[in-house]
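*Asks:* Chain by chain, the residues:
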Amino acid sequence: MTRRPAEGLPRALWLCLISVFAGLPVLWMVLTSLQPMEELLGTSARLVPASVSLDAYREVITRFPFWEWFGNSFLVAAAVVAGNLVFDTLAAYGLSRIRFRGRQVVLTLILATLMIPTQVILVPLYLMMRDLGWIDTYWALIIPFLASPAGIFLLRQHFVTLPMQLDEAAAMDGAGRLRTLWSVLLPSSWAALGTVAVLKFMWTWGEFAWPSLVTNNELMRTLPVGLARFQNQFAPRWDLLMAGSVMAAVPVVLGFVLLQRLFVRGLTGGAVKE
Amino acid sequence: MHTATELSPKLTSDRAGGHPDRPHGPGRRRRRPTGALAGWLSVAPALLVILGFTFYPMVQSMLLSTDRWNMLGPKQFVGAENYATILGPGTFRESLLNTLVFTLLTLVGTYVLALATAMAANRELASARIVRTITVLPAVIPMVVAGLIWKWLYEPDHGLINTLIGLAGVDGARWLFDNDLALPAVALVSVWKDFGIYALILLGGLQRIPAELYEAATIDRAGPWRQFRSITLPMLRPAAAAVFLLLVFNSFKVFDQVWVMTEGGPGTSTLTVVTFIYTKLLTDVGVASAASVVLFVILLLITVIRLRLTSREES
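Residue numbers (full-length UniProt numbering), protein chains in the order written: chain H, 1 to 274; chain P, 1 to 315.
Think of the hints as simulated: they come from the structure by calculation, not from any bench. Predicted model, so just to flag it, every value in this text is computed and none were measured. Just so it is clear, CB atoms sit at the ideal spot from N, CA and C, and this is done for glycine as well. Treat the hints with caution; some may be incorrect.
Chain P side only, calculated, beta carbon under 7 angstroms to chain H, not exhaustive [claimed, not checked]: (1) 42; (2) 43; (3) 46; (4) 203; (5) 255; (6) 285; (7) 289.
Under 7 angstroms between C-beta atoms, here's a sample of chain P residues computed to sit facing chain H [what the hints assert, rightly or not]: (8) 36; (9) 38; (10) 45; (11) 49; (12) 58; (13) 62; (14) 143; (15) 144; (16) 148; (17) 165; (18) 279; (19) 281.
Build the full structure now, drawing on both the sequences and the hints.
*Replies:* And the structure:
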């Protein structure tokens, strides 16, 4: 491809500019977390820190139940991902490979539920948790999200593209349904499963409104809720807030960097060559 | 597959459903009856969770919206009163208007940035991959973290934004504390966070446009603007429609960054629909539920439009 230089320059300029816009705030978070408060509140903000220290990180970990928050976030996200992988896969399998009376009704119902976001059921869902005695327990954070219409939909879309001959061949060999699902369908579905897992993990990890509603006990908070509460309790200690933010972002950013290809393919519908 | 044969009777849901093995008729159809039981067993766990924790609460939401209740005393049926209250002049109306303005700002901002970025990254530049990584990075960061970063950037006295503006010799603003600036300032966080994702979706659309179209247009001496208008925009329509509706849909649910950065203030200038629901949730259950139902109806309308548009694009 021949590129005309006159066309290439504004293009490159724009890409630089947009990268700065996207990247600078993240860089700023990291830089702030490494500087002492006195320096941050100096006469003017500086991009290059005069001194670098990990004091803010140390303080976050010692002054707050940081590891409890981190552990809660991790446990909840892991449990929700695991639940979705099992429940959504089973449902997607049933809805794509088994013919049974009522299948269409179930499918329609699940598609209809796809339109109901958590935000519009906050009130009654909270009441349910209260009546069940699940406030301040992991149950409230995990159980309602163990299965999701979006996950089922995504996996079903994928299963439908796999040829029925696979199942038939497996059946000829005497494999039962679960066996067929496990050793024939799942191995060729890792991309779809991975997408569901990553999205679910990211979403659960970052969730804010729901966990701050159903947790009152400081030790039951998830990381985002803890961080947000902590900023209200103290005169803004930006060094600590940014250190906490970095630590809250690391697990998901790491996951994203590792699974980037999958992500890009999922979003562009495979059109972009890596 | 010998092991599979041996294992299968124990593992199949057919067996669990009590269907006897039929040693004399090992045909597919017989070994794997079109069992309603297997079907229902496979969907049951997910269905129970979804019915119990999404569908049932949705119905409850509608029922509660006709009650007056502060979560402590007895419920009192008031009919459509809650709807009349919130749809009349007052904070809910303001929150609805704010949400609309927020949606409009996010829509325009994100769209322009995403399209420009997608078009710039469309060529096989060596740097395109790096740019893609950087621009999608904010989307991965939790919204609360994004809100905190920007709250610090907007900080009037020591924040980076006012410092940079100060370098140019201009006085900065009190972004999040100014009635007129707070909402656009919060909208910018949404633009920042998600434009990379939308750029990727648009990039996917761009790469589906056959290069021959541009070649033919160049032979016909169509300039870049003409090519953009006559080829790029029309061919991009399916991806663009998806982006448009996703943006509107998500903007209507905005909450996290508002709550972290301004809690709806100053005054009611950044109060959004979900923020309104949140403030009423524990004290005025009926009003919060009515607001939820109104939000649901709006989201439903958006979904219907989305389905209409996508099915038209496909046909």
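*Asks:* Which constraints among the numbered hints does this structure fail? Numbers only, ascending.
*Replies:* Violated hints (numbers, rising): 13, 17 and 18; every other hint is consistent with the structure.
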